[in-house]
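Here's the letter readout for the chains.
There are 2 protein chains.
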Amino acid sequence: MISIAHIDKTSAPRVQDARSLHSRDHCSTCSLHSLCLPTGLCESEMNRLDKIIGRRRKVLKDEALYRMDDPFTTLYAVRLGHFKTHQVTPAGDEQITGFHMAGELLGMDAISTDRHHCYAVALEDSEVCEIPFAQLEQLFAEMPTLLRHFHRLMSQEITRDQNTMLLLGNMRAEQRFAAFLVNLSSRYKVRGYSPTSFQLRMSREDIGNYLGLTIESISRLLARFKKQALLKVSNREIELLDLPMLKQLAMQGNTAH
Amino acid sequence: MISIAHIDKTSAPRVQDARSLHSRDHCSTCSLHSLCLPTGLCESEMNRLDKIIGRRRKVLKDEALYRMDDPFTTLYAVRLGHFKTHQVTPAGDEQITGFHMAGELLGMDAISTDRHHCYAVALEDSEVCEIPFAQLEQLFAEMPTLLRHFHRLMSQEITRDQNTMLLLGNMRAEQRFAAFLVNLSSRYKVRGYSPTSFQLRMSREDIGNYLGLTIESISRLLARFKKQALLKVSNREIELLDLPMLKQLAMQGNTAH
DNA sequence: CGATGTCTTGAAGTGGTTCAAGTCACGTGG
DNA sequence: CCACGTGACTTGAACCACTTCAAGACATCG
Chain A
1 MISIAHIDKT SAPRVQDARS LHSRDHCSTC SLHSLCLPTG LCESEMNRLD KIIGRRRKVL
61 KDEALYRMDD PFTTLYAVRL GHFKTHQVTP AGDEQITGFH MAGELLGMDA ISTDRHHCYA
121 VALEDSEVCE IPFAQLEQLF AEMPTLLRHF HRLMSQEITR DQNTMLLLGN MRAEQRFAAF
181 LVNLSSRYKV RGYSPTSFQL RMSREDIGNY LGLTIESISR LLARFKKQAL LKVSNREIEL
241 LDLPMLKQLA MQGNTAH
Chain B
1 MISIAHIDKT SAPRVQDARS LHSRDHCSTC SLHSLCLPTG LCESEMNRLD KIIGRRRKVL
61 KDEALYRMDD PFTTLYAVRL GHFKTHQVTP AGDEQITGFH MAGELLGMDA ISTDRHHCYA
121 VALEDSEVCE IPFAQLEQLF AEMPTLLRHF HRLMSQEITR DQNTMLLLGN MRAEQRFAAF
181 LVNLSSRYKV RGYSPTSFQL RMSREDIGNY LGLTIESISR LLARFKKQAL LKVSNREIEL
241 LDLPMLKQLA MQGNTAH
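These protein sequence lines map, in sequence, to chains A and B.
Counting along the first sequence from 1, when you hit position 217 you're at 217 in the numbering used here, and nothing is skipped either side.
Counting along the second sequence from 1, when you hit position 169 you're at 169 in the numbering used here, and nothing is skipped either side.
Each hint should be verified, as a subset may be incorrect.
Pairs involving identical chains hold if they fit within one copy or between any two copies, as the list cannot separate such chains.
[As the list claims (entries may be wrong)] Mimicking SDA-like on lysine to any residue, the simulated pairs with C-alpha atoms at most 25 Å apart in a straight line are:
no.: 1; residue 1: Lys-51; residue 2: Glu-142
no.: 2; residue 1: Lys-189; residue 2: Arg-115
no.: 3; residue 1: Lys-51; residue 2: Phe-140
no.: 4; residue 1: Lys-51; residue 2: Arg-148
no.: 5; residue 1: Lys-227; residue 2: Thr-145
no.: 6; residue 1: Lys-232; residue 2: Arg-57
no.: 7; residue 1: Lys-51; residue 2: Leu-241
no.: 8; residue 1: Lys-51; residue 2: Met-143
no.: 9; residue 1: Lys-51; residue 2: Ala-141
no.: 10; residue 1: Lys-247; residue 2: Gly-92
no.: 11; residue 1: Lys-189; residue 2: Ala-250
no.: 12; residue 1: Lys-226; residue 2: Thr-159
no.: 13; residue 1: Lys-247; residue 2: Thr-113
no.: 14; residue 1: Lys-189; residue 2: Asp-114
no.: 15; residue 1: Lys-51; residue 2: Leu-147
no.: 16; residue 1: Lys-247; residue 2: Glu-43
no.: 17; residue 1: Lys-247; residue 2: Ala-91
no.: 18; residue 1: Lys-226; residue 2: Met-68
no.: 19; residue 1: Lys-227; residue 2: Gly-92
no.: 20; residue 1: Lys-189; residue 2: Thr-89
no.: 21; residue 1: Lys-189; residue 2: Pro-90
no.: 22; residue 1: Lys-247; residue 2: Arg-115
no.: 23; residue 1: Lys-247; residue 2: Pro-144
no.: 24; residue 1: Lys-247; residue 2: Glu-94
no.: 25; residue 1: Lys-227; residue 2: Met-202
no.: 26; residue 1: Lys-227; residue 2: Asn-47
no.: 27; residue 1: Lys-58; residue 2: Arg-79
no.: 28; residue 1: Lys-51; residue 2: Pro-144
Calculated from the structure, these hints are not laboratory results.
I would like the entire structure built from these sequences, with the hints used as guidance.
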């Protein structure tokens, strides 16, 4: 485990120098490049993309990567750690719109208005690659593969959000939570982690907020699933014991409406 | 009123000829070009975009413009009429993900997988412009303004969906329905129609499905709003009598969670 | 070793659903 | 033109899934 919890803020310029000199990783050597923006690029194209990626930035747990209404200049690729994005209404209600893990792009919702439409907050000490959008746009003109993949990523974000709408509009509590777990599972799987054994990076409250349920409901659902031997849970450590059954539950029809 | 309800299907090729010869409208003369894809383009750019727009297509009420899992080749701009988009789960549950009116782009969710992710069905006899995506991509390389606006439209779709997530995850029935009405109102307003007096193009059932409520709830909410003199309603004809109050209701905080 | 925040569990309450009858609007055919 | 049928909507009453409220257990950390 590498600790990135304590950063000497007084030495920021020096650290940046160090990064540009040697410690900076490249898209081509990044283990996430098959999920992230560089997907499908050749070596030389990846290097060009590399050049515009300003710097990596560390974001401590509970720190905001950006805030709602901040002016938009750059996209972020999660390199390490986890984030949540959430909106806040004028009345102060919060809605978490997504949880984001390594290889995912943050900030695409800001393109339409040049201002961020939500908050992005680190769920643990995390790290992102900054991708200045204006420079990325320049590359688009010359790298159709990059552009095409960027469109795929935006489109993916749309379908993801629409799936969540389906979850919130149509599913019962049990289905929602099962779908949530199955979703996490498959995302860890494509990243090479165990699809059945992982840590919940977010609080019960975050889960409840995301799923349109209360924290108590989440707690009860966990207890119920545990009793049904669908999973083991200890604090935020989860082991899915019956993934097929959870998938079944997640797909199950809804008698309502 | 122009009736497009009866189309002689046997004469399809002849009709297409006729279109390409004279009856075809152009982006530059279209009243929607400030909302739609050509936004911000100069005359000559608009003409180039015009050239790739294959044809206009009529879609009768309740007909599908495309179906879930159809292969994706073209985007559609709504030219006339209204559409709904909805997903269907394996279990047969439906979730309407949006209602779409003139000037809006349909099909962007299909880019990520090259297959449509939802159904698009006309709520009344309607008309769309077909925009072959492969050709559009070619234009992107040469028309940065077009590309930029396309990104704005995709980003807009993301923020729209996220707003709906907030609605479904956080709001009470009354707020949801008020927000729905206010949303329609403002969309008609930017199109130059009355923001207070319009027809609901969708059934109560569609509204309920979209808002995650039952048809009975919608009916009761309409009755309540009517009693509170917030609106008049007769069948699908709506008149909003107190738009400020409806906005107030839509923004109101939620005690839940 | 308290103090604080996170989570669990139980009991009571309720907003919206479900179920069941209507009513209304509209098209169709006699 | 009316009778009829059908689909869309309304309204009432009973119900229930999830919330709310409340109390306590547990984990983490200065």
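Hints breached by this structure:
Violated hints (numbers, rising): 5, 6, 7, 12, 16, 18, 19, 23 and 26; every other hint is consistent with the structure.
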